[in-house]
Amino acid sequence: MTVGGAIQAAVGFELRKSIRARVPLVAAALLVLGVVAISASVIVAATNGPPEVVAKLGPVVRAGGWAGYLDAALQVTGAAGAGACGILISWSFGREFAERTISGLFALPVSRTALAAAKLVAFFVWTLCVTAALIVVLLVAGFLIELGTPSATDVGVIVERIPVLLLTTAAMTVAAAWVTTISRGLMGGIATTVVLLASAQVIVFSGGGAWFLPSAPALWALDPSPSTAVTLLWSLLFPAAAITVTVFSWRRLQLDR
Amino acid sequence: MTSDGMVLSTVTRTFSTGAGIHAVDLEIAPGQVHALVGRNGAGKSTLMKVLLGMLRPTSGMAQIAGVSVQSAGADVWSRVGHLVEGPLIYGEFTVRDNLEMSAALHGAPRPRRPALVDRSISEFGLERYAHRRAGTLSFGNKQRLALAAALQYDPGFVVLDEPTTGLDPAGTILLRERLRRCAGEGAAILISSHHLDEVSRVADRITVINEGSMIGQLKPGGVELEQAFFALVLADDEQRRSGEEEAS
Numbered sequence: 001m002t003v004g005g006a007i008q009a010a011v012g013f014e015l016r017k018s019i020r021a022r023v024p025l026v027a028a029a030l031l032v033l034g035v036v037a038i039s040a041s042v043i044v045a046a047t048n049g050p051p052e053v054v055a056k057l058g059p060v061v062r063a064g065g066w067a068g069y070l071d072a073a074l075q076v077t078g079a080a081g082a083g084a085c086g087i088l089i090s091w092s093f094g095r096e097f098a099e100r101t102i103s104g105l106f107a108l109p110v111s112r113t114a115l116a117a118a119k120l121v122a123f124f125v126w127t128l129c130v131t132a133a134l135i136v137v138l139l140v141a142g143f144l145i146e147l148g149t150p151s152a153t154d155v156g157v158i159v160e161r162i163p164v165l166l167l168t169t170a171a172m173t174v175a176a177a178w179v180t181t182i183s184r185g186l187m188g189g190i191a192t193t194v195v196l197l198a199s200a201q202v203i204v205f206s207g208g209g210a211w212f213l214p215s216a217p218a219l220w221a222l223d224p225s226p227s228t229a230v231t232l233l234w235s236l237l238f239p240a241a242a243i244t245v246t247v248f249s250w251r252r253l254q255l256d257r
Numbered sequence: 258m259t260s261d262g263m264v265l266s267t268v269t270r271t272f273s274t275g276a277g278i279h280a281v282d283l284e285i286a287p288g289q290v291h292a293l294v295g296r297n298g299a300g301k302s303t304l305m306k307v308l309l310g311m312l313r314p315t316s317g318m319a320q321i322a323g324v325s326v327q328s329a330g331a332d333v334w335s336r337v338g339h340l341v342e343g344p345l346i347y348g349e350f351t352v353r354d355n356l357e358m359s360a361a362l363h364g365a366p367r368p369r370r371p372a373l374v375d376r377s378i379s380e381f382g383l384e385r386y387a388h389r390r391a392g393t394l395s396f397g398n399k400q401r402l403a404l405a406a407a408l409q410y411d412p413g414f415v416v417l418d419e420p421t422t423g424l425d426p427a428g429t430i431l432l433r434e435r436l437r438r439c440a441g442e443g444a445a446i447l448i449s450s451h452h453l454d455e456v457s458r459v460a461d462r463i464t465v466i467n468e469g470s471m472i473g474q475l476k477p478g479g480v481e482l483e484q485a486f487f488a489l490v491l492a493d494d495e496q497r498r499s500g501e502e503e504a505s
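As you go down the protein sequences, you meet chains H and R in turn. FYI, the numbering used here numbers position 143 of the first sequence as 143, with every residue one higher than the one before it. Just so we're on the same page, the numbering used here is the position in the second sequence counted from 1, plus 257.
Heads up, some of the hints might be wrong.
Looking from chain H toward chain R, a few residues come up when the C-beta cut is under 8 Å (computed) [to be verified]:
(1) 4
(2) 7
(3) 9
(4) 52
(5) 100
(6) 103
(7) 110
(8) 190
(9) 212
(10) 223
(11) 249
(12) 254
Derived list of chain R stretches under chain H, where covered just means 3 residues or more per stretch with a C-beta under 8 Å from a C-beta of chain H [what the hints assert, rightly or not]:
(13) 307-318
(14) 341-350
(15) 484-493
Computed from the model, here is a short list of chain R residues facing chain H with C-beta under 7 Å [said to hold, decoys possible]:
(16) 331
(17) 337
(18) 410
(19) 427
(20) 431
The set of hints was computed from the structure by calculation and includes no laboratory data. C-beta atoms are modelled at their ideal positions from N, C-alpha and C, and glycine is treated no differently.
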């Protein structure tokens, strides 16, 4: 088996698992429908709700209309995306330990390096599919709640900021795959996701978000200035390191626990 | 020591508890079914994991086809079939899909896979379940599926830990016939089992392991196998106790 053949087999194997299992489908549905339902509810409440509700939601939805709706969607996507992606990647790596299939992934012509890389490929393919679904459902829901025709700026937010936000947010959660691997179970990955989410919230609210790499995608999406763009680029070092150590850990893996 | 089969040369692999295997030498020759018997925790699974690269030895070397397991590549692993600890079975896939994925991961060319899968399904009596999700199978049928996946591409090297676990008598006979056929085609086969009678029927050599060390051989087909096994193990236990008392 050639290296190319091994990688092809590994990617095919992981994509088939992602398509057939329920977890990726449920996580995708919850993320897409959750983000759209919350964003639509917020904008409807802000437009038609009682004054006290409008006052509370004002900072969230700012201008109302498509701009407010998409502002809400960006905020919710940052947090919900991290949660869904963290759970999915923890499941993808952790299920092999939980279901005891990991021993079957040894002594194969397809190396564990290729299998770990294939899991990451399948994860980012899933994220791309979720992104596409989110864009479509956001647009459809926007029309259904009668926001009218989106401006060019609104379309830009949908087709540029949401994909970048979701893909970079997904990348930030790769650290959960590494923790899942070294802890030999998916709970370690889920705990990592929770810690990433909670720490990002706390640090952003305390004003230090600009230096906390995992919060960079959300901060850039809400305010895509040159300064947040630079931080976003820097923040990619975090997933790059997580990908490296995860693949290395799979390569060096031993069934000693 | 190099061989066309599977070899462990003075292999030690210990855990923090002190358990493991100690200075184990073992050679499984091509065309031979070699059975490893021992009590629970004797080190059978550890030995198999070292041989399959699931554990790195503390010292010594494990080789397959003359190649160190630590540096073995796709050419070696594509000829290995194994079932140690959990099977490579995903509950959301059908029996057929699981076998197809296993064949793909073992490097079987795409055009050959349907025939391999059909043959495995037939060999292990899984025709009725071919289109059922693996998650819905009984424990015994999952074991049949796991064995079918491990053996479907005619591996030259086979490592099976407790392969008869969960099998009914018919499944046990199917496995025995399959293993004898593999050995007849030149495969080097290592199996572990608690069932001495079953081991006696299928193995060419039987090695007894106790407390992580090889302590002797049993004669396949011999009478009073159980008695001979316990005599070896108890004598080894006694010897260890005496050694420990002398040391203290």
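Outcome of the hint check:
1. 4: Not OK, violated: residue 4/H not within 8 Å of chain R, min 11 Å.
2. 7: 11 Å, violated
3. 9: Status holds, d = 5 Å.
4. 52: Not OK, violated: residue 52/H not within 8 Å of chain R, min 48 Å.
5. 100: Constraint on residue 100/H satisfied, holds at 3 Å.
6. 103: Holds: closest Cβ of chain R sits about 4 Å from residue 103/H, inside 8 Å.
7. 110: 5 Å, holds
8. 190: 20 Å, violated
9. 212: 37 Å, violated
10. 223: 42 Å, violated
11. 249: 14 Å, violated
12. 254: OK, holds: residue 254/H within 8 Å of chain R, min 5 Å.
13. 307-318: Result for this restraint: holds, n = 5.
14. 341-350: Holds: 10 residues of the stretch 341-350 of chain R have a Cβ under 8 Å from chain H.
15. 484-493: Not satisfied, violated; 0 residues make the cut.
16. 331: This hint holds: residue 331/R lies near chain H, its Cβ roughly 4 Å from the closest one there, short of 7 Å.
17. 337: Holds, because the Cβ-Cβ distance from residue 337/R to chain H comes to roughly 5 Å (cut-off 7 Å).
18. 410: 10 Å, violated
19. 427: 25 Å, violated
20. 431: Violated - the Cβ of residue 431/R stays beyond 7 Å from chain H, reaching only about 21 Å at its closest.
Of the hints listed earlier, those the structure fails to meet are numbers 1, 2, 4, 8, 9, 10, 11, 15, 18, 19 and 20, in rising order.
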